[in-house]
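Protein chains: 2
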Amino acid sequence: MIAEIITIGDEILIGQIVDTNSAYIAQELNKIGVSVHQITSVEDEREHILTTLKEASKRADIILITGGLGPTKDDITKTTLCEYFGDTLVRDPQVLAHIESIFAKYISTPISEINRDQSLVPTKALALHNEYGTAPGLWIKEGEKVFIAMPGVPFEMKSLIQHEVLPRLIKEFKRPFIYHKTIRTYGLGESAIAARIESWEDDLPSHIKLAYLPSYGTVRLRLSGKGLNEEALKISIESEFEKIYPLLSDIIADVNGENEDITITIRQLLERKEMYLAVAESCTGGELATKFTKNPGASNSFKGGVLTYATQSKEDVLNVPKSIINDNSVVSGAVVEEMAKNAKRLFKSDYAIATTGNAGPEKGDSDAEIGTVFIGIATPEKVFSEEFKFGRSRDQVVNKTVNKALELLLKELLS
Amino acid sequence: MIAEIITIGDEILIGQIVDTNSAYIAQELNKIGVSVHQITSVEDEREHILTTLKEASKRADIILITGGLGPTKDDITKTTLCEYFGDTLVRDPQVLAHIESIFAKYISTPISEINRDQSLVPTKALALHNEYGTAPGLWIKEGEKVFIAMPGVPFEMKSLIQHEVLPRLIKEFKRPFIYHKTIRTYGLGESAIAARIESWEDDLPSHIKLAYLPSYGTVRLRLSGKGLNEEALKISIESEFEKIYPLLSDIIADVNGENEDITITIRQLLERKEMYLAVAESCTGGELATKFTKNPGASNSFKGGVLTYATQSKEDVLNVPKSIINDNSVVSGAVVEEMAKNAKRLFKSDYAIATTGNAGPEKGDSDAEIGTVFIGIATPEKVFSEEFKFGRSRDQVVNKTVNKALELLLKELLS
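Taken in order, these protein sequences are the chains called U and C. Numbers 1 to 415, taken from the working numbering, label the letters of the first sequence in order. Numbers 1 to 415, taken from the working numbering, label the letters of the second sequence in order.
Bear in mind the hints are in silico, worked out from the structure with no lab data behind them. Backbone N, C-alpha and C define an ideal beta-carbon position, used for all residues, glycine too. Mixed in with the good hints, there may be bad ones.
[To be verified] Quick list of in silico lysine to aspartate or glutamate cross-link-like pairs, EDC-like style, CA-CA up to 16 Å:
no.: 1; chain 1: U; residue 1: 105; chain 2: C; residue 2: 369
no.: 2; chain 1: U; residue 1: 73; chain 2: C; residue 2: 201
no.: 3; chain 1: U; residue 1: 73; chain 2: C; residue 2: 55
no.: 4; chain 1: U; residue 1: 73; chain 2: C; residue 2: 203
no.: 5; chain 1: U; residue 1: 243; chain 2: U; residue 2: 271
no.: 6; chain 1: U; residue 1: 348; chain 2: C; residue 2: 315
no.: 7; chain 1: C; residue 1: 209; chain 2: U; residue 2: 45
no.: 8; chain 1: C; residue 1: 73; chain 2: U; residue 2: 203
no.: 9; chain 1: U; residue 1: 294; chain 2: C; residue 2: 395
no.: 10; chain 1: C; residue 1: 158; chain 2: U; residue 2: 395
no.: 11; chain 1: C; residue 1: 73; chain 2: U; residue 2: 198
no.: 12; chain 1: U; residue 1: 54; chain 2: C; residue 2: 55
no.: 13; chain 1: C; residue 1: 209; chain 2: U; residue 2: 203
[Unchecked claim] Per the computed footprint, the stretches of chain U lying under chain C, defined by three or more beta-carbons under 8 Å from a beta-carbon of chain C, are:
no.: 14; region: 39-53
no.: 15; region: 241-250
no.: 16; region: 295-304
Start from the sequences and build out the full structure, keeping to the hints where you can.
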């Protein structure tokens with residue numbers, strides 16, 4: 001069962017927004033055994049959309065479209081779909097009632113004709129209920145294929161995928177099983193790992209694929225397979241995993257099935273211990289804290305954090321003694337250990353992570369070379385720090401610091 | 001001059017990573033007058049890559065490819081390009097020297113044959129220097145068209161774009177001028193804005209396009225045009241801007257040319273006043289702080305922030321009196337004003353933003369309905385707060401809170 005995703009909107013093609021919708025849709029489809037074969041982003045342009053729809057329908061069984069369903073003149077997805085299917089628009093009274101209720105409840109401006117016209121849908125389409133917005137999703141079945149149009153606003157799209165699209169796809173399409181297993185490694189580069197596992201990789205059965213996913217100091221290895229027999233597929237992938245594990249055991253930090261996010265693993269370990277984490281950041285600029293709160297439920301293991309971007313704030317807010325800063329420089333092991341220790345005390349947590357460093361592009365309040373980073377970890381028993389050189393690119397320094405800090409904390413939690 | 005971007009890699013199609021590279025490339029090409037017509041993401045699969053290259057080359061003059069240049073077996077971009085051009089690989093001694101120097105300087109594992117083989121490039125290709133990595137970029141000219149392959153690692157790709165790709169494109173291609181003007185509005189929905197400016201929009205000359213970019217409580221309107229005469233293009237877009245401004249003046253928060261990021265505007269205003277900002281976050285989970293430090297140079301106007309995710313931390317770290325929390329609930333105007341006031345004091349800043357609310361999906365330490373948010377602003381003269389209802393989706397609540405907080409601060413800075 002093959003799907004393609006088409007995103008419609010100039011804003012992606014001029015780079016004004018990053019297309020996060022496609023990754024979400026692809027993830028969700030994968031879970032139910034639908035593979036995404038291609039993602040195509042095109043402009044709000046009639047001709048181009050028509051060609052893209054035609055080409056996609058040659059390759060895929062399920063075509064998912066996002067964007068261009070808004071109420072304004074640059075939103076042409078609905079009329080273009082009508083043209084593609086030789087269809088016309090009719091008012092859907094249920095959709096109209098929903099639009100009117102959203103305006104009554106949440107919107108202070110009066111409802112207009114433009115808003116009411118969002119209830120116009122192609123006669124061949126089933127309107128899908130958009131809980132959070134005024135533009136309905138569209139489900140158009142043609143022969144064995146289905147075309148699904150959704151608004152581009154991420155939370156509206158996500159709700160449509162969960163409550164309307166996935167249940168319908170599961171009901172209407174017979175799908176193979178897809179199974180992934182991901183191993184997160186630290187400390188070795190992609191090619192060094194490849195050299196280690198070369199002969200194992202050469203012997204992989206053809207229905208199982210291996211992908212290397214390097215990212216700022218960590219490499220994830222993803223084994224994935226597809227098959228009609230769920231049990232057999234799972235067994236064959238798990239047996240390959242049993243073979244690869246001993247080859248990499250010294251560098252494996254985390255093994256996940258679906259759960260790719262290392263902060264989830266950390267949160268689970270903390271919750272099991274009934275312990276809490278706090279963070280004290282400098283060069284990571286809030287990224288560590290944001291990473292922990294991204295998924296709901298963080299408050300069961302995460303107290304919060306301090307971002308002391310200015311050197312002075314390390315004294316004022318984190319109570320790092322001025323003498324320690326002066327004697328060691330603000331980018332130092334002594335300072336980062338004070339930060340971790342004091343964050344732990346301040347937040348009454350059990351663990352704390354602290355970062356200080358020069359992320360560049362210019363040197364800040366210290367003479368440390370760009371890329372120099374100290375990470376401090378406070379545990380219930382001890383405080384320690386390590387120094388790293390993370391290269392010259394700002395992105396790289398920030399992201400490698402975040403990943404390394406999470407690795408160090410995970411090791412402590414597992415030890 | 002039309003470009004297309006092709007990203008190669010299963011990880012995008014299974015949703016394991018979000019494609020941020022394409023937005024970056026598109027933005028940079030736009031600045032030099034090259035339009036991106038389509039972005040296509042395909043798997044690490046020979047046949048599919050060959051077809052995509054062929055189709056893209058029919059539509060575009062410049063084909064940019066990212067991904068699949070790594071050293072491992074799943075990286076097939078280079079060999080597939082060879083097959084596409086009927087070419088073979090030869091060793092590039094300069095690239096080899098660069099790889100060896102990177103290993104000598106930064107990598108602790110010994111260099112292997114797999115690493116050395118990254119210096120193999122197609123004979124028809126010019127190898128582009130990859131400052132931060134071992135995989136060279138490739139520049140292959142065929143007739144009037146050029147194919148450019150780059151690694152998928154974002155900071156390697158960005159450096160290649162800046163130092164190798166853009167300078168070569170500017171030299172080799174004659175390009176039209178592209179001009180954008182973006183207006184950021186607050187407080188009115190997309191369709192209400194459309195109704196207000198309908199007759200103006202109907203009269204827009206055909207070489208100018210208007211796009212509505214709604215995002216969590218703010219709508220950006222982007223005027224864009226393309227032309228061979230830079231001066232005439234600029235004048236025509238600025239004259240349309242002069243017409244639209246009075247229609248929207250009550251809801252315009254910010255007018256930018258290239259600079260789309262409201263935090264940059266805020267930072268510029270603070271720097272001009274020689275004043276500093278701090279933040280105290282709860283429901284926004286660190287997003288506000290991260291937003292301010294995303295771009296370098298934040299330390300000239302931003303002291304830092306506190307994320308008090310746990311209620312107890314609001315007392316422990318931000319010194320919000322227990323009585324105020326108990327008398328008003330942790331999600332209240334009284335608490336958020338204390339948070340703002342105390343963050344300002346703690347960080348010795350001039351302004352502070354604070355947030356508290358229930359982002360969902362479950363109720364936390366307060367009885368406030370999901371979506372209820374209080375934003376507090378402390379200025380050199382006063383402290384105030386406002387209450388908002390931001391709906392039921394977690395994404396929406398967090399992002400609307402961040403945008404609204406920035407709007408409130410911007411208004412204060414401009415008043």
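Hints, verified against the model:
1. For the hint linking residue 105(U) to residue 369(C), the alpha-carbon distance of about 15 Å falls within 16 Å, and the restraint holds.
2. At most 16 Å may separate the alpha-carbon atoms for a hinted pair to count; residue 73(U) and residue 201(C) meet this at roughly 9 Å.
3. As the CA atoms of residue 73(U) and residue 55(C) are separated by approximately 30 Å, the hinted pair breaks the 16 Å bound.
4. For the hint pairing residue 73(U) with residue 203(C), the CA-to-CA distance comes to about 13 Å; that is within 16 Å, so the pair holds.
5. Under the criterion of a C-alpha separation no larger than 16 Å, the hint pairing residue 243(U) with residue 271(U) is inconsistent with the structure, at around 31 Å.
6. Proximity of residue 348(U) to residue 315(C) is assessed by CA-CA distance (about 11 Å); at most 16 Å being required, the pair is judged to hold.
7. Of the pairs offered as hints, the one joining residue 209(C) and residue 45(U) holds, with about 12 Å between alpha carbons and a cut-off of 16 Å not exceeded.
8. Our distance criterion of 16 Å between C-alpha atoms is met by residue 73(C) and residue 203(U), whose separation comes to about 13 Å.
9. Of the supplied pair hints, the one linking residue 294(U) and residue 395(C) holds, its CA atoms being roughly 9 Å apart against a limit of 16 Å.
10. Only pairs whose Cα atoms come within 16 Å are accepted, and residue 158(C) paired with residue 395(U) is accepted, the gap being roughly 10 Å.
11. In summary, the hint linking residue 73(C) to residue 198(U) is supported, as the alpha carbons are separated by about 9 Å, within the 16 Å threshold.
12. Pair hint residue 54(U) plus residue 55(C) holds up; C-alpha atoms about 14 Å apart against a cutoff of 16 Å.
13. With a C-alpha separation of about 55 Å, the suggested pairing of residue 209(C) with residue 203(U) is violated against the 16 Å cut-off.
14. Counting residues of the region 39-53 of chain U whose C-beta lies closer than 8 Å to any C-beta of chain C gives 8; at least three are required, and the coverage claim holds.
15. Counting residues of the region 241-250 of chain U whose beta-carbon sits less than 8 Å from any beta-carbon of chain C gives 0, not enough to reach three: the coverage restraint is violated.
16. Beta-carbon proximity to chain C at under 8 Å applies to 7 residues in the region 295-304 of chain U; the threshold of 3 is reached and the given coverage holds.
In summary, the numbered hints that this structure violates are 3, 5, 13 and 15.
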